[in-house]
Amino acid sequence: MRDFLTASWPWYVAGPLIGLIVPALLIAGNKVFGISSNLRHMCSALLPSKLDFFRYDWKRAGQWNLIFLMGVLTGGFLAAHLGTPHDIAISPETRLALMHLGLHDLSGVAPREIFSWHALLTLRGFVSIVVGGFLVGFGTAYAGGCTSGHAISGLANFELPSLIAVFGFFAGGLAATYFILPHLL
Amino acid sequence: MTTKIQIETETVSERHATPAFLVIYLLLGVAFGVVLTRSEVLSWFRIQEMFRFQSFRMYGIIGSAIAIAAVSVAILKTLGAKSATGEPISIPKKQLDGGVRYAVGGTIFGLGWALTGACPGPLFALIGNGVSVMIVAVLSALAGTWAYAMLRSRLPH
Numbered sequence: 015m016r017d018f019l020t021a022s023w024p025w026y027v028a029g030p031l032i033g034l035i036v037p038a039l040l041i042a043g044n045k046v047f048g049i050s051s052n053l054r055h056m057c058s059a060l061l062p063s064k065l066d067f068f069r070y071d072w073k074r075a076g077q078w079n080l081i082f083l084m085g086v087l088t089g090g091f092l093a094a095h096l097g098t099p100h101d102i103a104i105s106p107e108t109r110l111a112l113m114h115l116g117l118h119d120l121s122g123v124a125p126r127e128i129f130s131w132h133a134l135l136t137l138r139g140f141v142s143i144v145v146g147g148f149l150v151g152f153g154t155a156y157a158g159g160c161t162s163g164h165a166i167s168g169l170a171n172f173e174l175p176s177l178i179a180v181f182g183f184f185a186g187g188l189a190a191t192y193f194i195l196p197h198l199l
Numbered sequence: 361m362t363t364k365i366q367i368e369t370e371t372v373s374e375r376h377a378t379p380a381f382l383v384i385y386l387l388l389g390v391a392f393g394v395v396l397t398r399s400e401v402l403s404w405f406r407i408q409e410m411f412r413f414q415s416f417r418m419y420g421i422i423g424s425a426i427a428i429a430a431v432s433v434a435i436l437k438t439l440g441a442k443s444a445t446g447e448p449i450s451i452p453k454k455q456l457d458g459g460v461r462y463a464v465g466g467t468i469f470g471l472g473w474a475l476t477g478a479c480p481g482p483l484f485a486l487i488g489n490g491v492s493v494m495i496v497a498v499l500s501a502l503a504g505t506w507a508y509a510m511l512r513s514r515l516p517h
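Taken in sequence, the protein lines are chains A and B. The opening position of the first sequence corresponds to residue 15 in my numbering, with each subsequent residue numbered one higher. The opening position of the second sequence corresponds to residue 361 in my numbering, with each subsequent residue numbered one higher.
Some clues are possibly wrong.
To be verified - In silico SDA-like links for lysine to any residue, alpha-carbon gap of 20 Å or less: (1) A:73 x A:100; (2) A:73 x B:380; (3) B:442 x A:41; (4) B:442 x B:430; (5) A:64 x B:509.
To be verified - Using C-beta positions, here's what the derived DEER-type ranges look like: (6) A:140 x B:444: 44 to 54 Å; (7) A:192 x B:490: 23 to 33 Å; (8) A:71 x B:380: 20 to 30 Å; (9) B:513 x A:119: 20 to 30 Å; (10) B:452 x A:73: 49 to 59 Å; (11) B:513 x A:106: 46 to 56 Å; (12) B:379 x A:110: 50 to 60 Å; (13) A:106 x B:512: 41 to 51 Å.
Said to hold, decoys possible - Part of the chain A face toward chain B, derived, beta carbon under 8 Å: (14) 56; (15) 59; (16) 108; (17) 143.
Keep in mind the hints are simulated off the structure, nothing from the lab. The beta-carbon is built from N, C-alpha and C at its ideal position, and this holds for glycine as well.
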């Protein structure tokens, strides 16, 4: 059991567990799995404004989801502290490609050369963290969902808007990977 | 009649906010955070591996998650199941309209997904994992959400 809690889970364990969150939330309270609406709830709760987008009862609509999100943070903390941290065993091709782009340290869950307070004010740190974060917020608000709301909840419900959004996710992700990262890293 | 319906909706929303239900949402969130960490979905390295098509792993995870969710939703709909709060279970359909918001908004999010190496759930799980600089990414994402709200009326949807 302890091994299971500390090891890296195979895709056929992790994927179905994520999928089961969808019916669990529906059964608990008819709630639709989707993380990015929390960004909207947070804006609405923390910075009251006259903007239409934030004028709704965030507590009624989003209290459950904000609590779910606190759980995600807590779960990340618990899982990270349940065992000795180990490096991510990415494929040799990816390893080679990333070293070729100029990364030296491939340890941890995210490269320290980009994702650390130290690197925040370097060009690659700033673009990855600040610009990247901004695009995540802007894009999910514009598209009305992220990987959980569109790719999982939406596609599981066979919705065309979600399929279009998921194509967009990949178009953007591929563009950043092949056209931005080579100049950035 | 109207009064009766009103009273009923109030009871439902009150039951939503009871501590017991909030604990369920918290625990489900904890489970999601644990899975994101143990499956390494929150890792920038895994996201790069995915966008470079150098491993089946992420596709297997997202694909099987969709499959299990789709089968579960279909079963719940067929059974006409009700939630524990007494509501009939339903996922509201998204409006297609012009579809521009999904294509353009989706692409913008995709750029951010590859740059940060994280979608919104993993951003928070990463903070739990000790990558504390992701607090800045979350603040930036809130600024992005705010910027959308300001430009919303001028953007094509």
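For this session: Hint says 20 to 30 Å; check whether the CB-CB distance for residue 71 of chain A and residue 380 of chain B agrees.
Result: holds, 22 Å
Problem set entry | Whether the CB-CB distance between residue 379 of chain B and residue 110 of chain A falls inside 50 to 60 Å | Once the Cβ atoms are compared, 51 Å apart, the range 50 to 60 Å for residue 110 of chain A and residue 379 of chain B holds.
Exercise. Holds or violated: 23 to 33 Å for the Cβ distance of residue 192 of chain A and residue 490 of chain B?
Worked result: holds, 30 Å
Exercise. Does residue 442 of chain B pair with residue 430 of chain B here, judged by a C-alpha cut-off of 20 Å?
Worked result: Measuring from Cα to Cα gives roughly 17 Å; hence the hint holds.
Exercise. If you check the beta carbons of residue 106 of chain A and residue 512 of chain B, does the distance land in 41 to 51 Å?
Worked result: 45 Å Cβ-Cβ, so the 41 to 51 Å window holds.
Exercise. Within 46 to 56 Å or not, the Cβ separation of residue 513 of chain B and residue 106 of chain A?
Worked result: holds, 50 Å
For this session: So, residue 59 of chain A near chain B? Judge it on the closest CB pair being under 8 Å.
Result: violated, 11 Å
Exercise. Can residue 56 of chain A be said to touch chain B, with a Cβ gap under 8 Å?
Worked result: Hint holds; residue 56 of chain A Cβ to chain B Cβ min 6 Å, cut 8 Å.
For this session: Identify whether the interface hint at residue 143 of chain A stands, where standing means a beta carbon of chain B within less than 8 Å of its own.
Result: holds, 5 Å
Problem set entry | 20 Å Cα cutoff - pair residue 73 of chain A, residue 380 of chain B | The given pair, whose Cα atoms are some 17 Å apart, holds under the 20 Å limit.
For this session: Sort out whether residue 509 of chain B lies within 20 Å of residue 64 of chain A, counting only the CA atoms.
Result: holds, 10 Å
Exercise. For the pair supplied as a hint, residue 73 of chain A and residue 100 of chain A, is the alpha-carbon distance within the 20 Å limit?
Worked result: violated, 39 Å
The earlier numbered hints that this structure contradicts are 1, 9, 10 and 15.
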